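Working from the sequences, and respecting the hints, build out all of it.
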Amino acid sequence: MVELAVGVIAAALVVAAWEGAARSGMIAPQFLPSPSRVLTALWTMLTQQNLIWHVAVSTARVWVAFLLAAALAIPIGIVMSSYRIVGAALEPMIDFIRYLPVPALVPLSIIWFGVGEETKVFLLWLGTFFQLVLLVADDMRRVPQEFVEVARTVGANSRQVMTDVALRSMGPTLIDNLRITLGWCWTYLIIAEIVAADSGIGYVIWTARRFVKTPEVMAGVVVIGLIGLVTDQLLRLLHRRLFRYL
Amino acid sequence: MSAYVQFADTAKSFGPIEVVRKTSLGLDRNSLVVFLGPSGCGKTTLMRMVGGLDQPSTGSILLGGEKVVRPDRRRGMVFQSYSSFPWLTVERNIAFGMRYRNDITAAEKAERTRHYLELFGLADFAGSFPNRISGGMRQRVAIARTLAAGSDVLLMDEPFGALDALTRERLQVELRQIQIREEKTIIFVTHDVEEAVFLADRIVLFSRRPATVVADIDVAAELGPQRPLEIRETQKFFELRNRVLHLIRHETGAVV
Ligand SMILES: Nc1ncnc2c1ncn2[C@@H]1O[C@H](COP(=O)(O)OP(=O)(O)O)[C@@H](O)[C@H]1O
Ligand SMILES: [Mg+2]
Numbered sequence: 140m141v142e143l144a145v146g147v148i149a150a151a152l153v154v155a156a157w158e159g160a161a162r163s164g165m166i167a168p169q170f171l172p173s174p175s176r177v178l179t180a181l182w183t184m185l186t187q188q189n190l191i192w193h194v195a196v197s198t199a200r201v202w203v204a205f206l207l208a209a210a211l212a213i214p215i216g217i218v219m220s221s222y223r224i225v226g227a228a229l230e231p232m233i234d235f236i237r238y239l240p241v242p243a244l245v246p247l248s249i250i251w252f253g254v255g256e257e258t259k260v261f262l263l264w265l266g267t268f269f270q271l272v273l274l275v276a277d278d279m280r281r282v283p284q285e286f287v288e289v290a291r292t293v294g295a296n297s298r299q300v301m302t303d304v305a306l307r308s309m310g311p312t313l314i315d316n317l318r319i320t321l322g323w324c325w326t327y328l329i330i331a332e333i334v335a336a337d338s339g340i341g342y343v344i345w346t347a348r349r350f351v352k353t354p355e356v357m358a359g360v361v362v363i364g365l366i367g368l369v370t371d372q373l374l375r376l377l378h379r380r381l382f383r384y385l
Numbered sequence: 003m004s005a006y007v008q009f010a011d012t013a014k015s016f017g018p019i020e021v022v023r024k025t026s027l028g029l030d031r032n033s034l035v036v037f038l039g040p041s042g043c044g045k046t047t048l049m050r051m052v053g054g055l056d057q058p059s060t061g062s063i064l065l066g067g068e069k070v071v072r073p074d075r076r077r078g079m080v081f082q083s084y085s086s087f088p089w090l091t092v093e094r095n096i097a098f099g100m101r102y103r104n105d106i107t108a109a110e111k112a113e114r115t116r117h118y119l120e121l122f123g124l125a126d127f128a129g130s131f132p133n134r135i136s137g138g139m140r141q142r143v144a145i146a147r148t149l150a151a152g153s154d155v156l157l158m159d160e161p162f163g164a165l166d167a168l169t170r171e172r173l174q175v176e177l178r179q180i181q182i183r184e185e186k187t188i189i190f191v192t193h194d195v196e197e198a199v200f201l202a203d204r205i206v207l208f209s210r211r212p213a214t215v216v217a218d219i220d221v222a223a224e225l226g227p228q229r230p231l232e233i234r235e236t237q238k239f240f241e242l243r244n245r246v247l248h249l250i251r252h253e254t255g256a257v258v
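Going down the list, the sequences are from chains S and W. Heads up, the first sequence is in the working numbering, so the first residue is 140 and it goes up one at a time. Heads up, the second sequence is in the working numbering, so the first residue is 3 and it goes up one at a time.
Read the hints as simulated data drawn from the structure, not as lab findings.
Negatives, chain W to chain S, calculated, CB over 10 Å: (1) Lys24; (2) Gln57; (3) Ala167; (4) Ser209; (5) His248.
Taking CB as the label site, the calculated pair distances span: (6) Gly61(W) x Leu381(S): 44 to 50 Å; (7) Gly17(W) x Leu365(S): 53 to 59 Å; (8) Ala228(S) x Arg172(W): 48 to 54 Å.
Since the model is a prediction, treat every value here as computed from it, not as a measurement. Don't be surprised by glycine CBs; every beta carbon is placed ideally from N, CA and C.
Written out as structure tokens, the structure is:
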């Protein structure tokens, strides 16, 4: 509780300093508009420029790509660490792709998929799948051998070992890794929406920039930050709920 | 009487590393046999083969005359760490031993779980998670789980190795009582001589890797089946312990 209060007070101080600096007139407002101007811009965007819709579009893109990545990465990661040969076959390739910066793949992705939704989902998927699959493989490797052996001894078959023991044992780190990669997905979203979109929060920011509407740009950034913060906290809460035993 | 657990010319290598050299050894039913030997000598490997978790490279292992090919609930394992599932309560950890059995009803499972909760003094912790109870309690949970599963052979790999001295002592006494009362066959791996002598009906002493039997000591003949704590202070116990220590120093090739 004390920590939360300290955090809130510190943030308030920073905002107050920012307001003071902006009002002092030492910095041109197109570089640093005051927090109150940013708030006003945010209000206008919400009430007149359909910001909610843009946020919804972005969120949908992130979740579609993220769920596609997770749905593939979890089984593939598990198989990679369960069968050494599969791991040996896939790991070098995955490792290579994982180190490719997503922006470098934008042109290729546009050639393949055009500038529609597919490109955006593909880029986000690309940015998360290859990271996640290695994390899942690692989580699986960390399942204590003892758990698996106890289950086999009391008569669990392979499927039961997987569902009743391996997945349960991986649960906490798996959810944590999902939370972290979801954060990365937002980063790639902005890149994807800046280069090829006519909707979404990245598009809003980029358009505002063209007209040097700094308050709108900043309002957009604040919104992304808020979405990130709220999602992260919700997933942490879920983690605590699911894994009370920790 | 023929042996219940029989190592028949059993040998094990991992690639080029010979871990167990051709061994034949028979263990009686309803006895507690301690496998003692320097660490890294192959004790765990021997026990895992009895459990069906590893296959011998040559030879075989027989349980009641039948060749062991895979793990099953007749042989329950108790490990030093990760012995119980952290996501299950104490009660559900014990019940896990029966989870995949279709031959008994849910009511019977609940009844057996209750029985072992009481037997191990765990009833008050039935709803607790393993992280909230002591290390000694956690090992009790693991033993209760194997008994609930209906195992008649318990394979215990340094199960008390991580416990403090007092807890360890208490669990040794309890284990000995339970072995007698429930008529179980127990293979108990340790490298602690004191623990070996206190618990064992019989101590099989192994050499440094590759493991071979270097001594076979009939402890029950000298200390009898009952092991109250005070036995540790008797001269018989003391002499036996020294004899085993001497054997370890001179026969196993261990660097102590
Ligand atoms: N799966 C394995 N692969 C390769 N070597 C192993 C394996 N399991 C055990 N060993 C080796 O076998 C030897 C005996 O191991 P272990 O049976 O665990 O000894 P102990 O339980 O007596 O300490 C060790 O040198 C260990 O490195
Ligand atoms: Mg060992």
